[in-house]
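Residue numbers (our numbering), protein chains in the order written: chain A, 1 to 505; chain B, 506 to 616; chain C, 617 to 1099; chain D, 1100 to 1759.
The set of hints was computed from the structure by calculation and includes no laboratory data. Some clues are possibly wrong.
To be verified - With a cut-off of at most 30 Å between alpha-carbon atoms, the simulated DSS-like pairs for lysine-lysine come out as follows:
no. : chain 1 : residue 1 : chain 2 : residue 2
1   : A       : K425      : D       : K1695
2   : D       : K1656     : A       : K425
3   : C       : K912      : A       : K157
4   : D       : K1695     : D       : K1565
As the list claims (entries may be wrong) - Chain D side only, calculated, beta carbon under 8 Å to chain B, not exhaustive:
no. : residue
5   : R1132
6   : P1134
7   : E1623
8   : A1625
9   : S1727
10  : A1732
11  : I1736
12  : A1737
13  : A1745
14  : V1749
Just so you know, even glycine gets a beta-carbon here, dropped at the ideal spot from N, CA and C.
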Amino acid sequence: MLLSLLTFLPLVGALLVAVLPTRGNAALRAVTLGVTLVVAALGVWVFLGFEGASAEAQYVESHAWFTLGNIQVTYRLGVDGLSILLVALTAVLMPFVAAASSGHIHTRQREFLVWLLVMETGMMGVFLALDVMLFYFFWEVSLVPLYFILGIWGAEKRIYATLKFFLYTLSGSLLMLVAIIAAVYGSGHSDIAGITDWAASQPLARTGWLFAGFAIAFAIKVPLIPFHTWLADAHTQAPTAGSVILAGVLLKMGTYGLLRFGIAMFPAAAISAAPLFLALGAVGILYGAFLAMAQTDVKRLIACSSVSHLGFVVMGMFALTAAGLRGGVLQMINHGLSTGLLFLLFGAIYERRHSRDIAQFGGLAACVPIFAFFWTFSMLASVGLPGLNGFVGEWLILLGTFQASPLIAALAVTGVIFGAVYLLKATRGLLFGPVIHEENRSMPDLRLAEIAVVAPLCLACLWIGVAPGGLLNKTTGSVEALVQRLDAARGTLQSAMLDDVERPR
Amino acid sequence: MSVPTEYLLGLAAILFGIGIAGFLTRRNLIVVLMSIELMLNAANLSLVAGARMHSTQRLLDGAGPDLQGPVLAIFVIAVAAVEAAVGLALIIALYRRKQTVSLESVSELRD
Amino acid sequence: MTTQEIAGLIDQTYSPQTWAGLAPLLTLAGGILLLLFVELFERLHPLRAPLFLASLIGTFLAHKYAGAVGPILGGSYIVDGATVAWGQLFLASTMLAWFFARQYYRTSLAFLGEHDILLLTAPLGMTVMAGAGDLVTFFVGLELLSIPLYCLAAFRRRRNDSVEAGLKYFILGAFGVALLLYGAALTYVGTGHLDLAGIAAGLEGPGRPLAFAGLALIAGSLFFKLSIFPFHLWVPDVYQGSPTPITVLMATGTKAAALAFLMRFAAVLPGSSANLIALLAVLTMAAGNLGALVQKDLKRMLAYSGIAHAGTVLLAVAGTVAAPALAGDAIQAVLFYMAAYIFTAGGAFGILAWLEADGDLFTRIDSLRGLARRRPWLAATLSLFLLSLGGIPATGGFLGKWLVFSVSTRADLITMTILGVLLSVVALGYYLRVIVAMYMEPEPAELAPPMTERAWATFGTSLCAWMVLILGVLPGWFLGRVF
Amino acid sequence: MESNWLWLIPGLPFMGSVICGALHFLTLRARERNPEAKGPAALAGPIAAGLVGLAFVLTTVAFSAIRGEDRTLLQSAPWNWIPVDGHTVAGVAMVVDRLSAAMGLVVTGVGFLIHVYATGYMHGDRGYAKFFAYLNLFVAMMLVLILSSSIVGTFVGWEGVGLCSYLLIGFWYDKQDGWPAEAGQKAFIMNRIGDASFLLGMFLLFKNFGAFDYASINAAAEATHAAGASTGQLALAAALLFGGACGKSAQLPLFTWLPDAMAGPTPVSALIHAATMVTSGIYLIIRLNPLYALAPQVMYGVAVVGALTAFIAGSSALVQRDLKGVLAYSTVSQLGYMFLALGSGAWVAALFHVITHAFFKALLFLGAGSVIHGMHEEQDMHKMGGLRRYMPRTFITFLAGAGALSGLPLLSGFFSKDEILGHTFALGGTWYLLWLVGVGTAALTAYYTWRMVALTFFGPERFDAKALHPHESPAVMTLPLVVLALLAVAGGLLGLPHIFHVPHLLHHWLEPVTHAGDAIRFGEHAPHLAAGTEWMLLGFGALIALYFADRGFHAHKSGLAADEAFQARGGALARTLNNAWGIDRFYTRGVVATVKLAAVFIAVVIDQLGIDGAVNALGRGARRTGESLRRFADGSIAGYGLWMGAGAAVLVLVLTWMGV
C-alpha cells in the first residue's frame, strides 16, 4: 500500500489541482507542495525502513492486473537495493522542484503543477514497477508530462527541443517494446523475476538480442553517446524545473534501466557487451567534457556535463564489480543533486537576466555573493571534490572500473581533469573577473525562498560526501546478489566457450 | 459438342482485360461505369463456366450440380443493377453541380 | 435426395440455433424497416432517434444473449466469438457516427431520416461480412455495407467535395468489387468452391495456380477496403470529402469489417505469402505515416494515420498467415486493436466533426492553435486520442499495438516488426504537432468564434475518452469479455 | 588505544573556517544596509589565528606523547567513510607518528605565524573574513592530508588543499582583468592532472594489496620484498603516485602553475605555495618509502625529475623582475632538491629540507609581502631599490632568509642542502651527474637570491619616494618575520652532519618511519661517505654558495645595469630563461590551444554537424519523403485505379508463382 501511495498520490494531487475551483495560484501551489512533501515523507519513511543487507524486493505489493493468453500481467510494486536510492531521490527532489517553480513559471501555473505531479507518478512507477509491462507503462507515460513542460514553458526553440526529446526517446522505447514482447512471450512471464529466471537458461544468442533491444532504449535515455544530442537541446530549452527533473531523475531512468533490465536481467549478455559499454562510458566522459568546454551557453554546458557524468555512471555499472555498481548507483543520486543544483542556481540567474550566454556575465561574485557561494559549492560537488557527494561516486566508479579494466579507467580518469576544466571555465566566466555588464551590478542576490531551496540540497551533497555509507549500505544486499549472479554467468559463459573449443568440427 | 471451358475462361479474361483498360483509360464517367459492368460480367462468365466444369465432374460422380457459382452470378447481376443505380445517381449529382461527367472533374480532393 | 432428407435439411437449417445466430441481423433489419415506416409519416419523425438507438441496443442485446452458436446456414454464416465481438464493435462505430451526425448536418436536417436508415444498414453489412463463411455471403455483406456508404459519403450533395468523395469511393469501390468477383470466379474455377473451408481443401488440386491468382485478387479487394498500400490512395480524398460522421464510420467500422473477413480469409492464404503481407504492412505504415507528416488539414492527416494503422494491424494478419497456431492470439490482437481504434479514431474524428460545425476551416491544424486555452477539456480529450493513436500507454492504443506486435514478433517477422515500430515514431511526429498547435502556440490573431455546446457530440467524445482510458488501464475488462 | 582528540587538530581550523565564513556573510548583510559598515569581519583574523595556534598546541602535545621509544604513534578511531563493497571500507583515521608529527608541527607552527602576519597584511580588505575562512580551511585540509592513516584520507586533504589553493590564488578575482582567477584555475587543473595519476596509483595499490591504509600498504610492500615477488605493478603504482606528487609539488612537467600562483595574496604564497602544500608530494613519498624503495628505477626517475626541475626553475629565477616571481621559481627549484633527495633514498634529508625550506621560504615570502605592502602593491624589483632604509626590520629578517636559501655556511639551508648533495654523491655512478646538476643549481640559487636582495634593498631608489611613501610594516607582520628568521638561522640544528659528532636529531626521530625503506633500498650496506670526502663536499658547498652569492650581490647592488646588459646581449639564452624554458608557452600554445581546438571541433563538426546533423537529417528525410509521396495522391481516379491494378497484378503474379 505504501508504494502505491508513493506512486499514485501525486496523480491524485494532479487531479485535485486540475479541478480545484480557485482563481489564484497560491492555493494550487500549496496543494502541490503539500502533496510532494507528503510523498517525500513517505519516500524517506520507505528509505529508512529499507533493509539494505537484503537482496529481496521489499514493501512488495502484488495484484493480478490482466492476462494475455496464459500470461498473468501483475500490478507488482516493490523496492530493492537497485531502486531504493532513486525512489528516495525522486521523492525528496520533487518538493524542491515544486517550490522552485514558483520563481520562473509565470503563466498557466495550474497546468504546470498538474504535469509536475503526473511526472512524479510516472517516475515513481518506473522505479517501483516489478513487472515489465507495468514498467513500460510508466516508462512511456513519463514522457508526456515532460513533453508538455518543455513545450509550453520552454525557451525560444522549445518546440523543436520537445519534439526531438519525445521522438528520440520514443524510438528507443519502441525497440525496447519489441524486446519486452519477445521476453514476455518467450518466458511466459511478465514479472521481472520470472523473466530473469528464464533468461538465465537461455543461450547467449537469444539474450544478446533481447539485451540489445533493452539497452538501446536506455542508452538513448541516459543518454550515451552517440544518442545524446537530444539532451543538450532539451536541457537548454527547458524551464528550470524541467531541467532539474530531467537531470535529476529522468535520465536516471535510463541508467536504472540498464542496471535492472540490462545487467540484472541478462547478466551473460551484459558481460559480453561490457567492453562496449565501458568504452562508450569512458568515451562519453571525455566527449561530454570536450563538448562542454566548447559551449558558451551555460545551460547547454551543464547539459553536456550531464553526458560526461552519466558516462561515469554507465562505465561504473558495466565494470560489473561491486565497487563499480555501487558507485554507479550512488552517482545517479549525486548527479541528480549536483546537476539539479546547478540548473536551479543558474535558473535563478536566468530569471534575473534572461540570458544564457556566458559572455553576459562575469564578476558575479562581487554582485551576488550568496549565489556565488552556492554555485561554487555545487560546482565543486559536480567536479568531484572529496568531501562532497560527487567524489564518492566517481571514486567508486573509477575503482570498480580499474578492477575490471585498468586501461579504460586510465582513459576515464582524465575525465576528472577535463571535468574540472569546463566547470571551472564556467565558474570563471560567471563569477570571476571584473564586472563587465553594468546591469549585473544591480542584480539582486538569491532571495530567502531560493536559498531555502538550494541550501538543503547542498547539505545533502555534503552529507553524502562525508557519510555515503548511509546510502551505500542500502544497496549492499542487492549489489552482492547481482555480483554473484554475474560470477555465475561468467562461469557459464566460460564453460560454454570451452565446449566450443573442444567440440570437434 | 460444347465450347471448351478454357475458351470461356479465356473470353472472360479478355473481357476483364478490356474492362480494366476501359476503366483506366476512359475519361467519361458513364463509360467507366460500363467498363466496370464489363468486368463484372467477365466474373459472371467465369463463374458459370466454372460451374459447368465442376458440375460435369460432380454429375459423373452421381452428386447434384454445383450451384455455388451460379448463385453468386445471380447475386452479382442483382447487385450490379443496384450499383448502377447508385452510380448513376451520383453522376447526376455531379452533373448538377458541375455540368460535366468527365472523370477529371472529380479530382479536386487531393494532396 | 428424398423428401425426408430435404425436410431434415430444412429443419437443421432453420433450427433455433440458426435463428439465434441470425437474431442480431434480424433485429437490425427490423429496425431498418421500422425506420422506413416511420419516415412515411411526418408525425412519427420524433421517433427516429429512439428507434435508431433501440435498434442498436436491441442488436447489442441480441449479440450478447444469442452468443456464439457456431456455423449456421450450412456454414455460409459463422457465428463464433469473433463475429459476436466484431458485431458489437460495428454497433459502437455506428453509434458514434450517429452521435456525431446528430449535430453535424445543420442544413440538411430534413433528410436525416434517410441518413439514419442508410447508416443503420451499414452494421448489417459489416456483421454479415464478419460472419461470412463463403464468398457469396461476404459479397452480399460487402455490398450491403458499401452501397449505403456511397450514398452517405455524398450525402451533402450540394457540396462539391461530398459528391466527389461519394463518386470516388463508388468508382474505386466498384473496381474493387470487380476485382473481388473476378478473383472469386477464378478461385471457384480453380477449386470448385466458394466457401473458405472448401477453397482451403481445394487448393491442393490441379487448379492451384488459378486459385492462387483468384485469392490474390480477393486479397487485393480486401486490401482496398482496408486501405493497404498500394490500394490506399483513395482514403484521404474520400475521408476528407465525406461528411465527418461518415468518415468516422468509414475509418473505423468499414475497416474493421474488412479486417474481420480478412482474418478468416487469412486461413486460406499460403504461409509463404506472410512475408509479402508483412512487407505490404510496412509499406502501408510508411505511406500512411510519411503522408500524414506533411498534411496541414487535420482530417486528411487522420485519414493518412488511418492508413498507417491499417498497416500496423496487417502485421497481425501476416503473423497469423506465417504461424497459423497464433490465429487465436491474432484475432484477439486485431479485435483489441480495432476496439481501441474505433473509440480513438472515432473520438478524434468526432471532435473534428464538432469543430467543423463551426466552419470548414476548422479542420486545419493551424486553426487549432490556442485551443487549450479556449476549450481546455476539448483539447485534453483530443490530446488523449492523439496519444492513443500514437500508442502511448495508459491508452487503449498502447495495448493494441502491444498485441499486434506480439503476434508478429512471435511469428518471427522481427525485421518487419522493427521497421513498423520505427515508423510509428514518425506517427508521433505528426500527432505531437497537433498537440503543439493546441498547447504550445499562441492563438491566431483573429479570434476564433466561440464553439457551441453540443450535447450528443459531448456525450460521444466523452464516451470515447472513457473507453480509451478503460481499454488502456484495465484491458482485462475487454479481453475477459471477448474471450 | 584510540586518541580521538586527534580529530581536533584538523577539526579546530575547520571550525574556524566555518566561523569565518559565517562572519563573512554576516558582514555582507551588514554592508547591504550600509555599504560602509564594518560588520563582524574583524573578529575573523584573531579567531582563525587562535584556532591554528590551538592546533599547534595540540600537535605539540601529540608530539611529546610519541617522543619515547615505547610509543611512536597515536591513532584515533577511524571514520568509516566509503564502504567499497560488503566487506572493505575505505576509512580514515588520524595518526600522529614521527613523520606526521614533524610535518604537523611545521604546518601548524608556520601556519600560525602566517595567520598572525595575515591579520596585518589583509587588514582592510573587503574579503577579510572570507580570506581567513579559506586559509583556515587550507590548514585543516593540510592536516587531514598529513595525519590521515590511509591514502584515501590523504587524497581528501590533497584535493582539499588544491581547492583552497584555487580559491586563494583567485582571491582577488576581479583584479587585473581576472588574472588571479585564471591563475587559480590553472593551478587547480594542473593539480588535477597530477590527481588523476594519483587516483590510478591508489587503485593499482588497492588492486595489489587490497588496502588503502599506509600501515597495510607499507607492510605489504615489505612482505613483497621479503618474498622476492614481482614488483612491476608496484613500480607503476609508485610512478603514478609520483605523477600526483609532480602536480602538487610543482615538478616537471607540471610546475608552471606555481609561478602564476603568485597572483594570490602573499601570505597565501608563503603558507601554501612555499611552506606546506607544495611539500605534500615529498611527504607522500616519505610516507610510502618502502613502496618506493621496492622500485629503484622509479626512484631514479624521481631524482632525475627533481634535479632537472631544480636546475630549470633555478635558472629561470635568475631573470625574474617580479620579487615574488623569483621566490616562486626558487621554490620550484628547492622542491626539486627535495625530490632529488627522495630519489637518492635520503628520506630524512628530504624532510629536513622541507622543514628548513618552510622556515626560510615562508620568511622570504612574508618579507616580500612586507615589502610589497610597504610599496603599496608594487612587485617589480626594477621599481624598488634602497629599501633597507625604509623597512629595516624587514630587511634584516630578509637577509637571514636569503642567507639560508643561498646556503651560506651554518645557516639552516646550508646543512639540509648539503645533506642532499652528499647523499647523491655517495651513490656514485650516474648519480654523479645529478650531483653536478645539484651543485650547479646551488650556484644559481646563491646568485639569484643575492641579486634579489641587492635589487630590492640596495642601490638607488627607483621610485618616487615622495609619492609612494614606502613604510615599514606593523609589528603584527614583523614579529612573525623575526620568529621565522630565528628558525631559518637555527633550523640546521635539527640535522647537523655526523662529522660534527653530534646526533642527527631528525634522523633519529624518523628512524621508525624510514627504516623499512632504507632496509629495502640499501639492505645492510647503506652507501657511506668517508669523513674526509664529506668535509670536502661541505667545504665545496660553502665555497660555491659564498662565491656566487657575492657575484650576484655585487653585480646588482648598484642598479639595473647587469640585468639590462644581459637582456640586451643574452640572446637566445635570455629569451629561454625569461620564458622559463618555454614550458609554459608550450602548454598554452600547444596543449591548451589543441584542447580548445579539439573541443570546438568536437562540438561543431562532430556533434552538431555530424551526429546531430544525422539525427535532424532523419527527421528532414522523413518529411521530404512525405512531400515527394504527395504527388501520387493527385486526386485522379484513374491514377488511383492504376495503382490498385498494379498492386493487384503484383499480388496475382507473386501468389500464382507461389501456387506453381
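Against the structure, the hints come out as follows:
no. : hint                : result
1   : K425(A) x K1695(D)  : 12 Å, holds
2   : K1656(D) x K425(A)  : 44 Å, violated
3   : K912(C) x K157(A)   : 21 Å, holds
4   : K1695(D) x K1565(D) : 48 Å, violated
5   : R1132               : 70 Å, violated
6   : P1134               : 70 Å, violated
7   : E1623               : 97 Å, violated
8   : A1625               : 94 Å, violated
9   : S1727               : 11 Å, violated
10  : A1732               : 4 Å, holds
11  : I1736               : 6 Å, holds
12  : A1737               : 6 Å, holds
13  : A1745               : 10 Å, violated
14  : V1749               : 14 Å, violated
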